Amino acid sequence: MKKNAKKGLRKGRGSRNTLKIEDIEAVFAERKPGAEGNFKFFSVLVPLVEKEDDLYLLYEVRAKNMERQPGEICFPGGELEPVETTEECALRETWEEIGIPQEQIRVITQLDTLYTYSNFAMYCYLGVIPEAALEHLQFSENEVDEVFLVALNDLLAVTPEVYPIRAVPQIPEDFPYDKVYEGKPYPWRGGKGSVPIYEVDGRVIWGLTARITKHFLEIITEKEDTDV
Numbered sequence: 000m001k002k003n004a005k006k007g008l009r010k011g012r013g014s015r016n017t018l019k020i021e022d023i024e025a026v027f028a029e030r031k032p033g034a035e036g037n038f039k040f041f042s043v044l045v046p047l048v049e050k051e052d053d054l055y056l057l058y059e060v061r062a063k064n065m066e067r068q069p070g071e072i073c074f075p076g077g078e079l080e081p082v083e084t085t086e087e088c089a090l091r092e093t094w095e096e097i098g099i100p101q102e103q104i105r106v107i108t109q110l111d112t113l114y115t116y117s118n119f120a121m122y123c124y125l126g127v128i129p130e131a132a133l134e135h136l137q138f139s140e141n142e143v144d145e146v147f148l149v150a151l152n153d154l155l156a157v158t159p160e161v162y163p164i165r166a167v168p169q170i171p172e173d174f175p176y177d178k179v180y181e182g183k184p185y186p187w188r189g190g191k192g193s194v195p196i197y198e199v200d201g202r203v204i205w206g207l208t209a210r211i212t213k214h215f216l217e218i219i220t221e222k223e224d225t226d227v
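Take 0 as the starting number for the sequence shown in numbering that gives the first Met the number 0 and just add one per residue.
Hints were generated in silico from the structure; no laboratory data involved. Don't take each hint at face value.
Straight-line alpha carbon distances no greater than 20 Å define the calculated EDC-like cross-link-like pairs of lysine to aspartate or glutamate that follow [to be verified]:
#1 K213 with D200
#2 K39 with E83
#3 K50 with E160
#4 K63 with D144
#5 K39 with E66
#6 K213 with E160
#7 K50 with E172
#8 K213 with D53
#9 K213 with E71
#10 K50 with E130
#11 K31 with E102
#12 K63 with E145
#13 K39 with E102
#14 K31 with E80
#15 K183 with E172
Label pairs and their computed distance ranges (CB to CB) [claimed, not checked]:
#16 K50 with A28: 50 to 58 Å
#17 P129 with E24: 47 to 55 Å
#18 Q109 with Q169: 31 to 39 Å
#19 L54 with D111: 26 to 34 Å
#20 V179 with S139: 45 to 53 Å
#21 E95 with P184: 44 to 52 Å
#22 P129 with G36: 37 to 45 Å
#23 V106 with R188: 49 to 57 Å
#24 P184 with L18: 14 to 22 Å
Note that this is a predicted model, so its numbers are computed, not measured. The beta-carbon is built from N, C-alpha and C at its ideal position, and this holds for glycine as well.
The whole structure should be built from the sequences, with the hints applied where relevant.
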């Protein structure tokens, strides 16, 4: 007898099992839902800082020795661990990257989730960091070179450049269309996205960080418009 991977049902060699509801229930009794296929989950904190009666967003500059996106601008965040919630991930990563304890961060809300065509989702949390916490930052040298603030009003005054992009499926030449689509080419679906670019205070904020920034600014300005 041989077990399927991940505590699946037992299969008899050369025979066909008669499955029962109880067998199916046993497989799923302790199984937690995840993502099918090669899919990953990340969380970021979108940190607001109130300073001298103005509001700022806090950004990081990734360390130049990092393998992925060295020197680029981002929000604090990283990959979700199995034992934590998406909010706990955002707070943990902020602590690990710039040394702000979780108890000093007040989470306002979860923002909209960002899905990408490259097989990952990014959960976003809007939080408030006290100005005093900025005096005691401790950077993870392997991850962060510096942090900086950008005034919300300065960001709102900028119209970002936005470039549309497309993800086009690449199908193997030997795909058996004759078996699945009567020999005709199948209309595979591609993906669509956009790449915003903000230039403000001598900095260039682009990519996913700019997408999160742009969406957040659109939300708060729409709310202002409805309040008028």
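Hint check, failures only: Numbers 3, 7, 11, 13, 19, 23, 24 - these are the hints that the structure violates, sorted from lowest upward.
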